[in-house]
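Residue numbers (the working numbering), protein chains in the order written: chain B, 76 to 407; chain P, 2 to 505.
Keep in mind the hints are simulated off the structure, nothing from the lab.
Any given hint could turn out to be false.
[Claimed, not checked] FRET-style restraints, in silico, Cβ to Cβ: (1) P:R273 with B:R262: 43 to 49 Å; (2) P:F18 with B:V93: 40 to 46 Å; (3) B:I90 with P:D419: 44 to 50 Å; (4) P:N268 with B:I387: 39 to 45 Å; (5) P:E379 with B:A277: 27 to 33 Å; (6) P:D419 with B:T263: 19 to 25 Å; (7) B:L383 with P:A393: 30 to 36 Å; (8) P:D396 with B:R115: 43 to 49 Å; (9) P:F18 with B:I387: 24 to 30 Å; (10) P:E68 with B:A379: 24 to 30 Å; (11) P:K383 with B:A277: 23 to 29 Å; (12) B:T263 with P:D28: 47 to 53 Å; (13) P:P322 with B:A277: 47 to 53 Å.
[As the list claims (entries may be wrong)] Result set (DSS-like, lysine-lysine): computed pairs, CA atoms no more than 25 Å apart in a straight line: (14) B:K144 with P:K365; (15) B:K144 with P:K400; (16) B:K144 with P:K221; (17) P:K221 with P:K52.
Beta carbons are placed, not taken as given, at the ideal position from N, Cα and C, and that holds for glycine.
Next come the chains, spelled out residue by residue.
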Amino acid sequence: MMRRFLSALASPQVIALVGVLLINWLLFPNFFRITWQDGRLFGSVIDVLNRGAPVAILAIGMVGVIATKGVDLSVGAVMAMAGAVAATMVVAGYPAPVAVAAALTVGLLCGLWNGFLVAVLDIQPIVATLVLMVAGRGIAQLITEGFIVTFNDPLLIFIGTGSFLGLPMAAVIAICLLILVTLLVRRTALGLFIEAVGVNRAAASLAGIRSRMLLFLVYGLSGLCAAIAGIIVAGDIRGADANNAGLWLELDAILAVVIGGTSLLGGRFSVPLAVVGAIIIQAMNTGILVSGFPPEFNLIVKAALIFLVLIIQSPMASRLVPTRLMTREGSK
Amino acid sequence: MAEAGYALEARGITKVFGLHVALDNVDFGLRPGEVHALLGENGAGKSTLIKILTGAYQPTLGQVVAEGVPVTLENPQQAQKYGIGTVYQEVNLLPNRSVAENLFLGHQPTRFGLVHRRKMEQDSRVILKRYGLDIDPASELGAHSVAVQQIVAIARAVELSGKVLILDEPTASLDRNEVERLFEIIRDLKSQGLAIVFITHFLDQVFAVADRVTILRNGKLIETRALDDMTRTDVVRLMLGKDVAFSGATAVEDARPLGDVLVEFKNYGRKRSVHPFNISIHKGEVVGVAGLLGSGRTEMARIMFGADAADEGSVTVAGKPASIARPTDAIAHGFGFCPEDRKAEGIFGDLSVRENIVIALQGKLGWFSALNRDEQMEIAGKFGEAMDIRAASLDMPIKLLSGGNQQKAILSRWLATDPDFLILDEPTRGIDVGAHAEIVRTINRLRDEGLALVVISSELDEVVAYSSRIVVMRDREMVAELNGENINPGVIVQAIANHREPAA
Numbered sequence: 076m077m078r079r080f081l082s083a084l085a086s087p088q089v090i091a092l093v094g095v096l097l098i099n100w101l102l103f104p105n106f107f108r109i110t111w112q113d114g115r116l117f118g119s120v121i122d123v124l125n126r127g128a129p130v131a132i133l134a135i136g137m138v139g140v141i142a143t144k145g146v147d148l149s150v151g152a153v154m155a156m157a158g159a160v161a162a163t164m165v166v167a168g169y170p171a172p173v174a175v176a177a178a179l180t181v182g183l184l185c186g187l188w189n190g191f192l193v194a195v196l197d198i199q200p201i202v203a204t205l206v207l208m209v210a211g212r213g214i215a216q217l218i219t220e221g222f223i224v225t226f227n228d229p230l231l232i233f234i235g236t237g238s239f240l241g242l243p244m245a246a247v248i249a250i251c252l253l254i255l256v257t258l259l260v261r262r263t264a265l266g267l268f269i270e271a272v273g274v275n276r277a278a279a280s281l282a283g284i285r286s287r288m289l290l291f292l293v294y295g296l297s298g299l300c301a302a303i304a305g306i307i308v309a310g311d312i313r314g315a316d317a318n319n320a321g322l323w324l325e326l327d328a329i330l331a332v333v334i335g336g337t338s339l340l341g342g343r344f345s346v347p348l349a350v351v352g353a354i355i356i357q358a359m360n361t362g363i364l365v366s367g368f369p370p371e372f373n374l375i376v377k378a379a380l381i382f383l384v385l386i387i388q389s390p391m392a393s394r395l396v397p398t399r400l401m402t403r404e405g406s407k
Numbered sequence: 002m003a004e005a006g007y008a009l010e011a012r013g014i015t016k017v018f019g020l021h022v023a024l025d026n027v028d029f030g031l032r033p034g035e036v037h038a039l040l041g042e043n044g045a046g047k048s049t050l051i052k053i054l055t056g057a058y059q060p061t062l063g064q065v066v067a068e069g070v071p072v073t074l075e076n077p078q079q080a081q082k083y084g085i086g087t088v089y090q091e092v093n094l095l096p097n098r099s100v101a102e103n104l105f106l107g108h109q110p111t112r113f114g115l116v117h118r119r120k121m122e123q124d125s126r127v128i129l130k131r132y133g134l135d136i137d138p139a140s141e142l143g144a145h146s147v148a149v150q151q152i153v154a155i156a157r158a159v160e161l162s163g164k165v166l167i168l169d170e171p172t173a174s175l176d177r178n179e180v181e182r183l184f185e186i187i188r189d190l191k192s193q194g195l196a197i198v199f200i201t202h203f204l205d206q207v208f209a210v211a212d213r214v215t216i217l218r219n220g221k222l223i224e225t226r227a228l229d230d231m232t233r234t235d236v237v238r239l240m241l242g243k244d245v246a247f248s249g250a251t252a253v254e255d256a257r258p259l260g261d262v263l264v265e266f267k268n269y270g271r272k273r274s275v276h277p278f279n280i281s282i283h284k285g286e287v288v289g290v291a292g293l294l295g296s297g298r299t300e301m302a303r304i305m306f307g308a309d310a311a312d313e314g315s316v317t318v319a320g321k322p323a324s325i326a327r328p329t330d331a332i333a334h335g336f337g338f339c340p341e342d343r344k345a346e347g348i349f350g351d352l353s354v355r356e357n358i359v360i361a362l363q364g365k366l367g368w369f370s371a372l373n374r375d376e377q378m379e380i381a382g383k384f385g386e387a388m389d390i391r392a393a394s395l396d397m398p399i400k401l402l403s404g405g406n407q408q409k410a411i412l413s414r415w416l417a418t419d420p421d422f423l424i425l426d427e428p429t430r431g432i433d434v435g436a437h438a439e440i441v442r443t444i445n446r447l448r449d450e451g452l453a454l455v456v457i458s459s460e461l462d463e464v465v466a467y468s469s470r471i472v473v474m475r476d477r478e479m480v481a482e483l484n485g486e487n488i489n490p491g492v493i494v495q496a497i498a499n500h501r502e503p504a505a
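Chain B extracted, bound-state conformation:
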């Protein structure tokens, strides 16, 4: 057990994260300084965790989808919808728990809809989820009637900006989800089944795996995670912005999963490493900001990172380097 934990620490993703953090530290010597103020922690590292949480949560849902050889492009739009639902409901006077439950239900239903398109109608995932990616933002705009719906509900704001044991609430939620989903896929046979469906769906059916149910489950989970991220983002800005909430975050989530070593061709996946991927992305963002480079650099650095990951995962690289860097042996 201990040995497996140590070997996970030596994974290229964790090494890359340490590398990015070290570069940040060189550019900005105060990067690792953490202070305690008003019952919570402050500092750049904490900020990375806080800002990275929404994408990390999306990645937790996305990783299962990608492991089945799918992709969920709708998560950004689902975030906007969930935020819009939660915000308009508290503004309309519903209690916050009801609003949160409604928003989560919307996210789950969106995910199940994607699952239906993929599992039952057999539509290619990228096209199937594109439907909701486009329509979802429109629905969110209809819900908010084109305005940014602001609110003062303390519970929603707490979800976005509060803290627990000194850590930002968003990070706490992400960590809880990470533990829950990891246990769900690794303590049950789900993880094995997801990987089996991703590697060879025909063989999986013949081996007696109910691949349809499984697809419903992974897309449903992805929708649910997107809704959670949407509520956090809305709580953070105390309002639902249907136009901008979650915009392009599906791409960050996919990038996080791919950095985490899960191939877009499906198969082996790791939830924790996908979260590490999300933190790497945020650490770069934060690093560029705190070190005073113009934020435009962000996009270029991100593009360079994508390029690097693609090269490492390309067939050419695996021919050059016999031990493939981006795939891990037997997970669990």
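Since the structure of chain B is already known, use the hints to place chain P on it.
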């Protein structure tokens, strides 16, 4: 084979993939104005030979000769220049473009540098008329039937190439009338002097349209002959490598004591897949299934297992009516299935040997009673050892194992579920001798332990050795059930070859 007069010739072609010899010193000559059938079971080397003749592969040894001149075909475009055109089983045209565009794609008539659409459509109309097609050249190709698309593909290949036409299973998805129409076109092209290679699994069609036949087996040339002096039985014998003349009734072992009936299929069938069949399988027996490729044997196995749902008939398991609409139903009744295409439907290449073995058992147990790693290791180790799986580690990806070891792992996967009934589709195809023997040994052992088995195999000697009954499939229909002393390769070959109205 060096005499002139061949439109296309392969001389001493050898093709090696890694350690596997796909073609071993094969000669093949194609005369202008003939339809030449190329026959052989899967893996015989037909498609490798075709790919070499069309420039998709380069031969390891040997030479391709076009009209007496040795040529090097780097790619299919170059083959086209030498007049060699190919039509594949699945029409590989653009269904969302017009018929005319498909005919002229890549060499459209132009005017002022733009496509001259009107001329293209006029020319198309003329060409299509020659093939007896009266369709609008401007219509979308995909809107037409597969047969029409197939004819358009042939027309395109002939227009582009014009000397040699290779038809790779062109009739696989056509109905009887459409096949007849296609044959008229083939005969017409033949009379125009085209040399035509025709690949099919349907013997009737070979005898209906071909002049000569070349038979390949395990990468070797078995025979090239005129069809006039051959019977169906001759052809099947050559394809399967069984010498009927010498195999009289073999001494039959004493009938083994049969157990109770375990599974019984009554009028079980599926439209467009396999005609209704009746079969009952006892505990402790192996029912062998013989038949050529495409005879419906795999389809039969698939509906038995629920991989395709039957749309008529009924099944009883241990005397009770059962409903088997999907594999999970079959597995719940204690069935197991090793599919023919190990790579596409059997193994999970990137997953470990261990996971490949436990997956069916885990599927049976469900999501929430997960086997932990130690339990998985124990199960995989136990069955892997019993089957003598040679793997450096049970944690290595199964795709790194040899075909034989992969097959053993898939068999182990089902044995781990403690099955009552196993369906094995070509369990010994394409695996090494050692693994082959191990699998045959396992089939015998399981039978003696009281399992019911259905084994599909092209290896007649092998089927004969372990089966207590043999079912023969032909044209998607179960045509014979052989018992006792009829279980010998000679009778099986006859049953496979026989036509309803005995020919020749």
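Hints that the structure is at odds with (numbers, increasing):
4, 10, 12, 13, 16
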